[in-house]
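Since the structure of chain F is provided, determine the placement of chain C on it from the hints.
So you can see what is in the structure, the chains are spelled out below.
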Amino acid sequence: MNIIRSAFRNPPLLTFLLVAFVWIVASFTLHGFGAYGHLRYLIELAAVIGIVAAGQTLVILMGGIDLSVGAVITVTAILLPLISPAWDPTGLAGIVAALGVATAIGLMNGAGAGYLRVPPIIMTLAMATFLQGLLVIIAGGSAVTVSNPAVILLGQARPLGIPSGIVLWLVVSVVVLLLVHRMPIGARFLALGANPLAARLSGVSVTRNTLIVHTLSGFFAGLAGILVLGMNRQGYVGIGDPYLLTSIAAVVLGGTSILGGRGTYAGTIPGAILLVTTTALITVVNASPGWRSIMFGTLILALLLISGREARR
Amino acid sequence: MSTSSSSRLYGSVQLRRNRGLGGLYLVVAAFLILYAALFPGILSIGGFSKFTQNWFPLALVTMAQALLMLNGGITLAIGPLVSLGAVIAATTMEGTLGVPGGILAVALVGLAIGAVTGAIVTYLRLPAIIVTLAGSFIIGGVALILLPRPGGFIPDWLSTTLAGHTPVAFLLLVVILVLWKVFLATPLGLGIYAAGDNPVGAFRSGVPVERVKVAAFALSGLLAALTGLFVAAQTGSGDPVIGTPFTLNSIAAAVLGGVGFLGGKGTMRGAICGSLLLSVMINVMFFLGFPPVAQYIAQGLIIVGAVAVPELLGTWRARR
Chain F
1340 MNIIRSAFRN
1350 PPLLTFLLVA
1360 FVWIVASFTL
1370 HGFGAYGHLR
1380 YLIELAAVIG
1390 IVAAGQTLVI
1400 LMGGIDLSVG
1410 AVITVTAILL
1420 PLISPAWDPT
1430 GLAGIVAALG
1440 VATAIGLMNG
1450 AGAGYLRVPP
1460 IIMTLAMATF
1470 LQGLLVIIAG
1480 GSAVTVSNPA
1490 VILLGQARPL
1500 GIPSGIVLWL
1510 VVSVVVLLLV
1520 HRMPIGARFL
1530 ALGANPLAAR
1540 LSGVSVTRNT
1550 LIVHTLSGFF
1560 AGLAGILVLG
1570 MNRQGYVGIG
1580 DPYLLTSIAA
1590 VVLGGTSILG
1600 GRGTYAGTIP
1610 GAILLVTTTA
1620 LITVVNASPG
1630 WRSIMFGTLI
1640 LALLLISGRE
1650 ARR
Chain C
8 MSTSSSSRLY
18 GSVQLRRNRG
28 LGGLYLVVAA
38 FLILYAALFP
48 GILSIGGFSK
58 FTQNWFPLAL
68 VTMAQALLML
78 NGGITLAIGP
88 LVSLGAVIAA
98 TTMEGTLGVP
108 GGILAVALVG
118 LAIGAVTGAI
128 VTYLRLPAII
138 VTLAGSFIIG
148 GVALILLPRP
158 GGFIPDWLST
168 TLAGHTPVAF
178 LLLVVILVLW
188 KVFLATPLGL
198 GIYAAGDNPV
208 GAFRSGVPVE
218 RVKVAAFALS
228 GLLAALTGLF
238 VAAQTGSGDP
248 VIGTPFTLNS
258 IAAAVLGGVG
268 FLGGKGTMRG
278 AICGSLLLSV
288 MINVMFFLGF
298 PPVAQYIAQG
308 LIIVGAVAVP
318 ELLGTWRARR
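In the order they appear, the protein sequences are chains F and C.
Going by the numbering used here, the residue at position 311 of the first sequence is 1650; the numbering climbs one at a time, nothing skipped.
Going by the numbering used here, the residue at position 207 of the second sequence is 214; the numbering climbs one at a time, nothing skipped.
Honestly, the hints are just simulated from the structure, not real lab data.
What you were told as hints is all true, and nothing was included just to trick you.
Simulated restraints, written as ranges between beta carbons of each label pair:
| id | chain 1 | residue 1 | chain 2 | residue 2 | range |
| --- | --- | --- | --- | --- | --- |
| 1 | F | Arg1547 | C | Met292 | 32 to 38 Å |
| 2 | C | Asp204 | F | Tyr1454 | 26 to 32 Å |
| 3 | C | Pro298 | F | Thr1622 | 33 to 39 Å |
| 4 | F | Ser1627 | C | Gly102 | 22 to 28 Å |
| 5 | C | Gly102 | F | Thr1622 | 33 to 39 Å |
From the three backbone atoms N, C-alpha and C, an ideal C-beta is built for every residue, glycine too.
Same shape as in the complex, but just chain F:
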C-alpha cells in the first residue's frame, strides 16, 4: 500500500511502472511483442525521442518550450550529407559541422528569447517557420541519401549487441541527469523555472541561462537528427516533424510540469519508451490512419490523467 502511494507521488517511477505493466501485458497477449529483438527495436526508436526530449526537458524545466526541435532535426538530417567534405574518410568532420549548425540555431533561439525578450514559444515557432522556408530553398524538396560512414555506423552498428543509438541515449541521459541534479547550473535552471523573479533577485542571470538552455536544446536536436539520418539512411523535408510533439509529450508524461520548475529527465526516459510502445501497439491493431490517430490522441489523454496533472491552484 505504501509503495503504491509513494509511486503516485513520484511521477518518474509511476511512468516507469506503467511501461513495465504495458510491456508485460502486451508480451502475454501479443505474439512476438516480448521478443528480445522487438523490445530492443522499441528502445532504439525511443532513443531518438529521448535525445530530442533531453533538450526539451531542460527548456521546459526553465519554464519555456522549444517548438523548433522538429525543424532542427530536419535541417541536420538534410544538411549533413550536403556538407560532409569528401576529403574526410571518417565522416566525423561532417558530423561536427552539422552539430555546429544545430547548436548555432539553438543559440539564435536563446539570443532571441534572452536578449530580445521574445517569449520562447514565439521565438522557436518563428525559427521553425523560418527554417522550413530555408530548407526548401537549400534542398529543393528532394530526399538526400547519406554516404557519411560515421553516420551509417551510428545508425547500424551494434557494439555488444546493443544498437549504438541506445548507447548514445545512455550517455545523453547520464550527462543530462548529472547536469540537472548534481551541478549548480541545473539548480539555476530549476530556480528560474519555479520563480523567475526570485531567481533573478538572487543573482541568477536570466539571459545567460536562457542562452545556455536553448543552445543545449539545439545541440540535442541536432544529435537526434544525425541518429535519425543514420537509421533511415535518407534525409528529407519533414523527417523531423513527428518528433516535435512526441518530445513535448514525453516530457509531460514523465511528470515534468509544463509550467516549469518541477520535474526531472528521469521521468522523460520512461515517457519516451511509453510513447513508442503506444505507437507500436496501435500499429499492431492494424487500423485505418484515422482510427490510429484517434487512438494515439486518446491514449495520450488517458496517460496524462495518470501522470501529468497540474497542482491545484
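Relative to the frame of chain F, chain C by itself:
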C-alpha cells in the same frame, strides 16, 4: 450626468487599450496602401471581395485563438477543427436537412468539441497545450474517418454566395465583430478578460472562473468549425487536412496583434489587425512573385520583429 461620466470613462479606457496598438495600426495601413498602390484591382467590388475572402478564415481562427489566449489558455487543435468543420459541412449538406442542417451540424460539433476540451482542461486540471495537442490527433482522426479523401458535396449557390464576387465574407466578419462586442458587454464576456488577467481576483469578485473557461473553449471551437464551413464553401469540397496551416498561423496572427501568452494582455481588435497584417503580407509577397518558401522566411522574421521591437523600445525608454 451619470451617463456622460460613464461614457467618458469608457472613452478613456478605450483610448488606453488602443495606445499600444498605434504602431500596429500604422503598419497595417502602410501595407494596405502599398497593396492598393501595387494592385489597384482591390478597390473594385470584386477585388475587395476576393481580398476579404482570403482574409476571412484567418480572421476567424485568429479570433478563436485570441479568445483562449486572452483567457490564459492556448489551443493547438485549431487546424484539425477547421478540417473537421469542412468535412462535416461537405458530408451533411446533401442529407435530408440540406444546407441549414449542415450549418447546424458544424456549429453544434464545434461547440461540443470545444466545451469537452474546456471541461477536461478546467475540471481535470490538465495543461491546455497538451490537452489540445492530444485533441488535435483525435479530431484529425475523426475528420479522416468521415472523409478519407477530399470530396463531398457543397451546393453551388452556397459557394457563390459566400465566396463569389460579393463582399458577403466581409459583412459576415462585421456581424461577428458586432456580436463579439455585444458578448463583451455581458458578464460572461467580461469574465473572459477578467479570468485571464487575474483568476483569483476574478473568482473573488464573483466571476465563475471555471465556467468562463469552458465557455471560452466552446466559443473558440464554434469559430474554428465555422471557419471550416467557409473554407469548404470556398473550395467547393471537403478536405480532411485542409486546416493544418491554421494552427500556427492563428497563433502568429494573435501574437502579431499583441495578444500575450499569460492571459488578460491584449485585445481582440489587435488580434484582428494582426490577422489582417499577416494576410496582406502573404498576398503582397504572392503577387510580387516571391516563391512560397520565401513567405515562410519573411513570416518568421516578421513575427520575431513584431514582438521584439516594442519590447526593445520599452527597455530603451525605461533606461533613458
